[in-house]
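*Asks:* Each chain, letter by letter, is given below.
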Amino acid sequence: MALLSKLATNEQHGENSPYFDGWKAYDNDPFHLVNNPNGVIQMGLAENQLSFDLIEEWIKRNPKASICTTEGMESFRTIANFQDYHGLPEFRSAIAKFMEKTRGSRVKFDPERVVMAGGATGANETLMFCLADPGDAFLVPSPYYPGFNRDLRWRTGVQLLPISCKSSNSFKITIEALKEAYENAQQANVKVKGLILTNPSNPLGTTLDRDTLKNLLTFTNEHNIHLVCDEIYATTVFDAPQFVSIAEIITNDEVTNRCINKDLVHIVYSLSKDMGFPGFRVGIVYSFNDDVVNCARKMSSFGLVSTQTQHIIAAMLSDDEFVEEFLIESAKRLRKRHEKFTGGLEEVGIKCLKSNAGLFCWMDLRPLLKEPTHDGEVTLWKLIINDVKLNVSPGSSFNCPETGWFRVCFANIDDQTVDIALVRIRMFVDGNNDVKENGVAKEKQHWKRSNLRLSFSNGKYDENVMSLNMMSPNSPIPHSPLVRARN
Amino acid sequence: MTIKIEKRPTVGLSKVATSDTHGEDSPYFAGWKAYDENPFDEVHNPSGVIQMGLAENQVSFDLLEEYLEKYRDVARCGSGISSFRENALFQDYHGLLSFRKAMASFMEQVRGGRATFDPDRVVITAGATAANELLTFILADPGDALLVPTPYYPGFDRDLRWRTDVKIVPVHCNNSNNFQVTPQALEEAYKEAESKNIKVKGVLITNPSNPFGATVQRLVLEEIVEFVTRKNIHLVSDEIYSGSAFCCSEFVSIAEILESRNYMDSERVHIVYSLSKDLGLPGFRVGTIYSYNDNVVTTARRMSSFTLISSQTQQLLASMLSDETFTQNYIKTNRERLRRRYEMIIDGLRSAGIECLKGNAGLFCWMNLSPLLEKPTKDCELAVWNTILHEVKLNISPGSSCHCSEPGWFRVCFANMSENTLEIALKRIHDFMETRTIIQKH
Chain C
1 MALLSKLATN EQHGENSPYF DGWKAYDNDP FHLVNNPNGV IQMGLAENQL SFDLIEEWIK
61 RNPKASICTT EGMESFRTIA NFQDYHGLPE FRSAIAKFME KTRGSRVKFD PERVVMAGGA
121 TGANETLMFC LADPGDAFLV PSPYYPGFNR DLRWRTGVQL LPISCKSSNS FKITIEALKE
181 AYENAQQANV KVKGLILTNP SNPLGTTLDR DTLKNLLTFT NEHNIHLVCD EIYATTVFDA
241 PQFVSIAEII TNDEVTNRCI NKDLVHIVYS LSKDMGFPGF RVGIVYSFND DVVNCARKMS
301 SFGLVSTQTQ HIIAAMLSDD EFVEEFLIES AKRLRKRHEK FTGGLEEVGI KCLKSNAGLF
361 CWMDLRPLLK EPTHDGEVTL WKLIINDVKL NVSPGSSFNC PETGWFRVCF ANIDDQTVDI
421 ALVRIRMFVD GNNDVKENGV AKEKQHWKRS NLRLSFSNGK YDENVMSLNM MSPNSPIPHS
481 PLVRARN
Chain B
1 MTIKIEKRPT VGLSKVATSD THGEDSPYFA GWKAYDENPF DEVHNPSGVI QMGLAENQVS
61 FDLLEEYLEK YRDVARCGSG ISSFRENALF QDYHGLLSFR KAMASFMEQV RGGRATFDPD
121 RVVITAGATA ANELLTFILA DPGDALLVPT PYYPGFDRDL RWRTDVKIVP VHCNNSNNFQ
181 VTPQALEEAY KEAESKNIKV KGVLITNPSN PFGATVQRLV LEEIVEFVTR KNIHLVSDEI
241 YSGSAFCCSE FVSIAEILES RNYMDSERVH IVYSLSKDLG LPGFRVGTIY SYNDNVVTTA
301 RRMSSFTLIS SQTQQLLASM LSDETFTQNY IKTNRERLRR RYEMIIDGLR SAGIECLKGN
361 AGLFCWMNLS PLLEKPTKDC ELAVWNTILH EVKLNISPGS SCHCSEPGWF RVCFANMSEN
421 TLEIALKRIH DFMETRTIIQ KH
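Just so you know, the protein sequences line up as chains C and B, in that order.
Here this note's numbering is used: the first residue of the first sequence is 1, the next is one more, and so on.
Here this note's numbering is used: the first residue of the second sequence is 1, the next is one more, and so on.
To be clear, the hints were calculated from the coordinates, so they are not data collected in a lab.
Keep in mind it's a predicted model, so treat the numbers as computed, not measured.
All C-beta atoms, glycine included, are put in the ideal place defined by N, C-alpha and C.
Every clue listed holds true.
Reference excerpt, derived from the structure (chain B facing chain C, CB under 7 Å, subset only): (1) Phe137; (2) Arg285; (3) Leu308.
Straight-line distance between alpha carbons at most 20 Å, and here's what the computed EDC-like set of lysine to aspartate or glutamate pairs gives: (4) C:Lys214 <-> C:Asp253; (5) C:Lys97 <-> C:Glu325; (6) C:Lys382 <-> C:Asp21; (7) B:Lys70 <-> C:Glu71; (8) C:Lys298 <-> B:Asp25; (9) B:Lys15 <-> C:Asp290; (10) C:Lys298 <-> B:Asp165; (11) C:Lys101 <-> C:Asp320; (12) C:Lys64 <-> B:Glu69.
Whenever a hint applies, use it, and build me the whole structure from the sequences.
*Replies:* As structure tokens, this is what we get:
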């Protein structure tokens, strides 16, 4: 039988990572409040579902934005026929404007530099194709998004060299670590073509401060390597410090403006996280390098955004009033959800890395590890999936240099589900604590666990949830007297 | 005060970025530029360049609009409130099941029910451009080659070669047998690759063919299948014009060949389809790969993460294409209108003294202007092309941009304009030919 290519037969698609095993557990037994309350709760998917109502309202008010409604149909023919890889001019303008707004209008973006790609997935890959040859390398601070292993490496043949970040300084990227990684590469004769940052960070949920960004930029500039900033979580910043985009650094800072070679700087953007539209595949490459803009644009033929989608996005994002309202409200809701979840975790003694952005938090479960090893982490993770029934993502799948950290997503579920997740976590931690306090044999722990399972299945668990709802001041039930009293 | 930065010497980009394999320097695209600078418009610019280099299908939009008008609630393309959220969140690379079912069903109808398609083998990509590149990544390693019969769609130079670093080895076809692929030509191309130590991984055909506008005969398809089987290589059949065959029964899909042999040894065959030509929706980026090879389906699906179809568009088309009353009528009417257009242009050209290759499909015809060439060379062909572009003000595509080994042939599109505009174009050609005859007589 005719063989397939090496690309097709290697494992670089990355689907055998544990990142996906949790998803499989969820797919086999998905939680549903009514139909499957004992199922696995999906907390491994970084989606933003908190503000759809605002978008749905806008769509109702603006039927013309869709080419299938009576009001919008007159555009159908032109839109369906338009295949220019520059994209609809109004789409590019709207995206540029939106990018400005999400950066507090502190910097301007040029619509002529907005290039489409098949989601951020496509955008990241396209930039690799433009900036690096097979065998070249990009430095990436770890922990990092597992998808990078596929997106940046699979078809491009580019290598990823992680820069270890440590919990002892809150996983901040240090110049020393960067230098070390760079020098190691030089010694191994690997050509480093650039550095890729995710800011705000996935999985940490933190933003890079101005000084760090400047230092990183100085380093890449001095070594004449590219700097790619994946800013797809820009709008998920809900707390101080304010988000600082690389665009601001190179545009607004006079010194930087003078000394930095802008041809080395590129931004990846998308609407999948900020707006919650992963299905629409709106990825953007924004480069300050004219050649890269031209090249990426040609490559965008392989992953253009459907004009149907360009059309509706253009209308939505050029509605200034809506955008402003959305940005404020979305940030508010994310902050609230973050507080609720991290607060609930704190109550049972679980700490998270202090974060101000993202759709997730970076949970410190080191105290729960039987042993501070990769195996220890995997064991704990399997326990969480199978017994606690939460799909969380183990730090090892993010290439985290330390064991015991887990990413937990909180913006893709409703308040009630968050409560249930917190109850399950509490029960799990309590069960664990009992063992620790009593020093009792594993049997008891096993009994506790199976008791948990029993209680899940015979409805006792649901009672716990109900009582939580009634008692908690954060009750999701709007008519709760406690909530009213607070207001 | 903004401080101007000195432009430093270009920092290193990749080899892919600095090569010209993107193909945009070909005359195929130069003609488009001339059009962009001076586009014809019946009212506002009646002496502008008429675009006849763009293979678009604009003859049946009214049918689509009618459907939307009637079923806009059913279409649920985002205006249905409860479905918007689920739709916007749906990023599963399997694609909407309803969409895959609808595509499979549509592909069956286009083939008059002579082949069956399994929705689970439908892989979604953002256009046929992406589908062809993706398949190339999967079937061939950098440095390997695909055999492609000439002349072929100029975009293949980019789609199959640019980022994949795969080569195209041409299979030369000529007018002696109406440009049909022969086993000898395939064998010659294969040997040529071998002599250069290039590994051939597959054959890629377009059926119906671009640029001819003709379906590939059953016998030829069988010979191609026999060839790829013997060499143990893959076969990609790009069937994006299948719905544009003027007469349904004249189009034979590779799927039918496989079905007739009970799918024996069919794992080497893969079909590319798209809605850009048949439905006239190039903006929506709807491409599919249909493979009979499970590994290819799995891998293609994983790779499609880089190039998925917008879930909004999947939803709209799932509704549209699962409405059999609509699709049956559309397919039939579209074929009929394209046939009429074809006859109109053929008659018009003939009365101007120009012959075309006999066609029966597609959105274009393959025009023979070799009598106009001073010498049968590529340069003379380009000279004629230049004249037609700048004096006659028609953007047509020279055969050399399609890698045709015989100079003097041109692809002329006829479905991307109104009938009025086509009349005007034919008149311009007529006048041009008359002038040339007068000049020649003197």
